[in-house]
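Asks: Take a look at the letters that make up each chain.
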Amino acid sequence: MTRITVNVDGTSYTDDVEPRTLLVHYLREQLGKTGTVVGCDTSNCGACTVHLDGRSVKSCSVLAVQADGHEVTTIEGLATNGELHPVQRAFHENHGLQCGFCTPGMIMQSIDLLAENPDPTDDEVRLGLEGNMCRCTGYQNIVKSVRAAAGGAK
Amino acid sequence: MIPAAFDYHAPSTVDEALALLAEHDDAKVLAGGQSLIPVLRLRLAAPEVIVDLGRIEELRGIREDGDALVIGAMTPHHAVETDALVAEHAKLLALATATVADPQVRHRGTIGGALVHADPAGDLPAPAVALGAELVIAGSGGRRTVAAEDFFEDLFTTAVGEDDLLVEIRVPKHTGWGAHYEKFTRVVQQWSIVGVAAAVRLDGDSIAEARVALTNMGSTPVRAAAVEQALVGQPATAEAVQAAAAQAAEGTSPPSDSNGDAEYRRHLATVLTRRAVLAAAGA
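So the protein lines, in turn, are chains D and L. Residue numbering for the first sequence follows the working numbering, beginning at 13 and increasing consecutively. Residue numbering for the second sequence follows the working numbering, beginning at 38 and increasing consecutively.
It cannot be assumed that every hint is accurate.
[To be verified] Facing chain L, a subset of chain D residues (Cβ under 7 Å, in silico):
hint, residue
1, R32
2, S55
3, R67
4, V69
5, S73
6, Q78
[As the list claims (entries may be wrong)] Between beta-carbon pairs, the in silico distance windows are:
hint, chain 1, residue 1, chain 2, residue 2, range
7, L, E276, D, Q152, 40 to 46 Å
8, L, S177, D, R101, 55 to 61 Å
9, D, D134, L, I39, 36 to 42 Å
10, L, A42, D, A91, 33 to 39 Å
11, L, S293, D, D134, 35 to 41 Å
12, L, A56, D, T26, 24 to 30 Å
13, D, T17, L, A299, 51 to 57 Å
14, D, V50, L, Q227, 17 to 23 Å
15, L, G176, D, G44, 44 to 50 Å
16, D, G44, L, T212, 49 to 55 Å
17, D, R101, L, A299, 49 to 55 Å
18, L, S177, D, G94, 54 to 60 Å
19, D, S24, L, A56, 28 to 34 Å
20, L, R180, D, T14, 26 to 32 Å
[Claimed, not checked] Some chain D residues near chain L, calculated using beta-carbon distances under 10 Å:
hint, residue
21, E30
22, T33
23, H37
24, N56
25, G58
26, T61
27, S68
28, K70
29, C72
30, L75
31, V77
32, D80
33, G117
34, L125
35, G140
36, E142
Simulated from the structure, these hints should not be mistaken for lab results. None of these values were measured; they are calculated from a predicted model. Glycine residues also receive a C-beta, built at the ideal position from the N, C-alpha and C atoms.
Produce the entire structure from the sequences given, and follow the hints as far as they go.
Replies: This is how it looks when you write it as structure tokens:
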């Protein structure tokens, strides 16, 4: 076991973990933050995307020990005082989901994309979300949601 | 899936990391982990010891050193693709890096990890060869420098020994050169079926110098020397570039797999080389 201290969604946690523990399993099973989901288990689908020190990463491809001393933000840490994050609200208002399984990862990656490019074109949104898959193939409304969130941020 | 159990070490200096590698026979080096962690998860590898380079600050960053850029092996792809020095002096490397996997992977994955992994379909070996990069390897006997053309030895095999670390990538400045990386895939986020890295220096309307290297046309990146020689002194026109690019597959031994057979790849190499050189020349 290795002792780690990680700030997750604004709260500092100190835990003993096996070095082989993936960050996504630490979040879900040790901290109970099941908002972050495991989709493909092969690094392709992006459903498990979280922010590590403010940048998007696939939490199935990061060891929990690598996050020691760092800050993690999950989909559960976005809303403040019961108010949805603007990107969450845009997905809600534009029906940017069908079954909803890819949504946590889509929203986390969209926030990263908008931080780097605040007013993306449709093509730039699609390219920026290339690491996230929607197996309902509901991409049209996902792109619409991200564009709406960009407009709302102006 | 969950990786098999291993002992984990996170040294804070290169010397500590080298000592750990010398001490343990079955140790794997963890850089950004974007290839290794999936491999561990699938249990294609189950090393007893992991040496994580993530806490070694001296391995990160990009600086100038005379006629070269020096990139620390643990510099993430995202930092390379957005760096002003790389954009000015080694644009080919920035363009190729921007095609690696997806944004999340580029936030974690590192230039050194990708080069030492040496996947023949990976996008960084070809630009490293095209730009004549030098790779600085640290081992128990000190540091040595290996040219990119000698660094890649075979599939997933480089000049980095089991107890060595790649510490720096030295890229000769190609200031003012045009560049393009042409990557062919069927779907986004896929490995290159074939890729072409091209950099050209124009003198007026004609090509004064050219560097071209190919991704996934063999077990290691291939320098398209015949194309380079044929381009020198030619005008940067579609006809002249097409004639030179027709030699792109010479001396290659591409794989046959579910994405295409070797003959298909040889054809692709000529087409993509034409596109890459023309785009690099701004034509």
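Asks: Can you list which hints this structure breaks, lowest number first?
Replies: none
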